[in-house]
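This is what each chain is made of:
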Amino acid sequence: MNPVNNTSSDQIFSAIQEEAAKRRKANEEAPGCKIHIGMATCGIASGALETKAAFEDALSQRGIEARIHTVGCIGHCYAEPYVIIDHPESGFPPIFYPDVTAGKAKMLTKLFLEEGDPRLEHILGATEENEMIPSVMEFPRFNLEKRVVMEKCGRIDPEDIYEYIAEGGYTALVNCLRRTPAEIIEEIQNSGLRGRGGAGFSTGRKWELARQTQQKDKFVICNADEGDPGAYMDRTLLESNPHQIIEGMIICAYATGARQALVYVRAEYPLAVKIVHTAIEQAKSLGLLGKGILGTAFDLEIEIFEGSGAFVCGEETALIRSIEGYRGMPRHRPPYPVEKGLWEKPTIINNVKTLASVPPIIENGAAWYREIGTENSPGTAIFSVVGNVTHPGLVEIPMGVSLRTLIFDICGGIPNKKAFKAVQIGGPSGGCLPEKFLDTPIDFDSLTAAGAMMGSGGMVVMDEDNCLVDVSRYFLDFTQKESCGKCTFCRIGSYHLLDTLERLTKGEGRETDLDQLQQLSEDIKNGSLCGLGKTAPNPVLTSLRYFKEDYIAHAEEKRCPGLTCRALIAFYIDLDKCARGCDACVGVCPTEAIFTTSNRKKGVDQSLCVKCGECVVACPPEYDAVEKVSPPGLAPIIERPPEPLAKKIVS
Amino acid sequence: MLTLTVDGKEIQAKKGTTLLKACLDNDIYIPNLCYIDGIEETAASCRLCFVEIEGEEKPVTSCTVPVKASLKVKTDTPAVRRLQKTALRLLLSVHHVDCKNCPANKKCALQDMAKFLKVGLKPGHLQHCLKEPEIDTSHPCLDYYTNRCVLCGKCIQVCLTHNGQPEITFARRGFNTVVSFFGTAKNEKDSCDECIRCVDICPVGALVLKSSP
Ligand SMILES: Cc1cc2nc3c(=O)[nH]c(=O)nc-3n(C[C@H](O)[C@H](O)[C@H](O)COP(=O)(O)O)c2cc1C
Ligand code: SF4
Ligand code: SF4
Ligand code: FES
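The listed protein sequences derive, respectively, from chains A and B. When you read off a place in the first sequence, starting at 1, and then add 6, the result is the number in our numbering. When you read off a place in the second sequence, starting at 1, and then add 25, the result is the number in our numbering.
One thing to keep in mind: the hints can contain errors.
To be verified - Partial list, derived from the structure: chain B residues whose beta carbon lies under 7 Å from chain A: (1) TYR54; (2) VAL119; (3) PHE200.
Just so you know, these hints were derived from the structure itself, not from any lab. C-beta atoms are modelled at their ideal positions from N, C-alpha and C, and glycine is treated no differently.
Please build the complete structure, drawing on both the sequences and the hints.
In structure tokens:
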């Protein structure tokens, strides 16, 4: 399509912008203070609804005028539920409070909002530079990040399109309507943007292939299936700033010549579905979607398709099948969806993060984007960092930052003085890397070379108390269940991998197991039809490569070095440390395995113990008498005294 | 007609055919289970028909490769055989090997491939594992033997091609995937009785008419 009648689209949009600016000004100038609360799924799960209700109650009780502003997620999961309180009259800058429970909300309403005391012991920092309070930007968790995709997340109300527009939203679209599709694609190609759904394919090239096909009725699909266990960046984006994604989709459709688009989002994301739905309606009502977008001849409809939550339906060909109403099974590629996709029409499938990267690229130019990240992987990467780190959450960093910086500087390192053991990157398709890879730069190619994968951005950090055999078992359990069952290697091969790993974790390993794991993993990787099967053995292959000693200990010594595989560990009570007469552990044991010895200390009856570890938690830290060992034979045998004696002592 | 080289021998093939079919037509056997002649989009699910093509790093499934002039193909390399043997062993590890009581005995694709690839019918290192129930008898005129089926999908495909709306389909996921008569109305009896294309195409003895053993 050729650019058409732009003066009018510019005029229409400036009117919208003016309205957005007016509303923003009105909000800013409204009297009273502002309380911003993160209300994405993560916030709600940690109690943000209760926090909000508590603020509302306390405000009305005390007759304080304040505006509660619900925003999305800023990615600082460790701080949820968080609020930012902007109370200009108090003389303080806006302040970030972590862990704001309902009780804390009431307390802050009284002490800060009413009496002007910000209770500095509860703050994380100020959100603006100032003379009085250290800014959160002094923390690496804030200042080492680089926000491109998540820039507006947590700052705007995702259910109010004007807030996005007031922050510069939809200007990239207006800018695109002035250019030809070819120019836009050239810009995207020059930016070097690579798909964030895992494979890292050039987005510009995909769009160009789609643009060039002669067929009509093309589709754009935003892949928001996000099935990896532990990954939630796409959900966060959908819930925190849906318009940036929608804007990316509109630009993609304009550039490739598509007139219909779909957001494929899993039904398990009800809040995301609702928010995207609202966003689409609002964009339509302002003429940014629908017929004749901003007065041009360009039409686009966006619909939502709710997937049923199968991991494999994130794979593009299975995704298409499932929209068509069939069983979500991948098919051989080529033909790729750009040639033959939904209803056999050319279909451009991009990940949420890929599409959300488009508006900033258009707005700031390809050269600006190339400045961020590395030569072959420009831009930023978003990781959900979880596991044994002090500050878990969503982190957006420039590509090329090392794993060490991400884990130790940005996420605060390993808590409880434990040592780093491994980092699992890329979810069930990714791999586990040991310490020697900590200086690996995070980009598509370096991670692949190390045997891991960018994947969709899941990252699990593990300390010394983790067992890599068990971690592999966990991921194989997932992929094995999620295999679509179509092809031989994945359907049956992953079942045998899991079976072998389960035997190892139970101490039933066989001599041939390690070789079989290796060989079978290689064959599944080389033989499977789709990416699920091809990558499913990665957790096994990398852990076999880098943590072979864990496997050997399980197979040959029936020992679990991470002390996690229940069948291979035992708990016992160190009689030198156990305090006579204390019975803190007795009550917590679900199977009454703990008995009193003849000199009134405690012992564990191994035949009853289910290895839940409750006694470890219950034992007072000053005694710290419960020990965990592997193999179980290392636990000293403590005789249970004959019944009558035990009874007498207890009474 | 195009000319390509397979295992050092020049063969002729019609444009538009797949490499697998071209080889089979020229008496070059490549193990296969899921390929159906004449159906445009192959399932490529059995993962047995691997070959090596000059210029490609890894073995590829020959049923998904359209023939091209000057292709140089090898059907018998160590990498190809390794994948084929593993695939067959995997299939056998979940197969109820009971040839003398199976209607497919002596015309069974698994027996043929085992002989060709020199793989024993017993699973070896792999844990043998069978699914429940052994037989699905819910269809008015067909019985389905869960532990004979190799899930090639041919029965579903022919049914779809012939009837538009297939009477049988895959059900469940992963290891538990089975062919199911889901949705088959009882009055399908007559039409199924007359058709039985699925029974005829099954490369093993997994779908049988109720009257036969
Ligand atoms: C098993 C499997 C699951 C996948 N899941 C997702 C997903 O949840 N989200 C996603 O964007 N891409 C997923 N992909 C990748 C898609 O097939 C596709 O490559 C991607 O959506 C393309 O978008 P991009 O170019 O923007 O990365 C998955 C691939 C496989 C093999
Ligand atoms: S690799 Fe697994 S998920 Fe992919 S087609 Fe094969 S069985 Fe299905
Ligand atoms: S019943 Fe026969 S044709 Fe159908 S999937 Fe099983 S093996 Fe293939
Ligand atoms: S015949 Fe090619 S994969 Fe089955």
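Hints not upheld, ascending by number: 1
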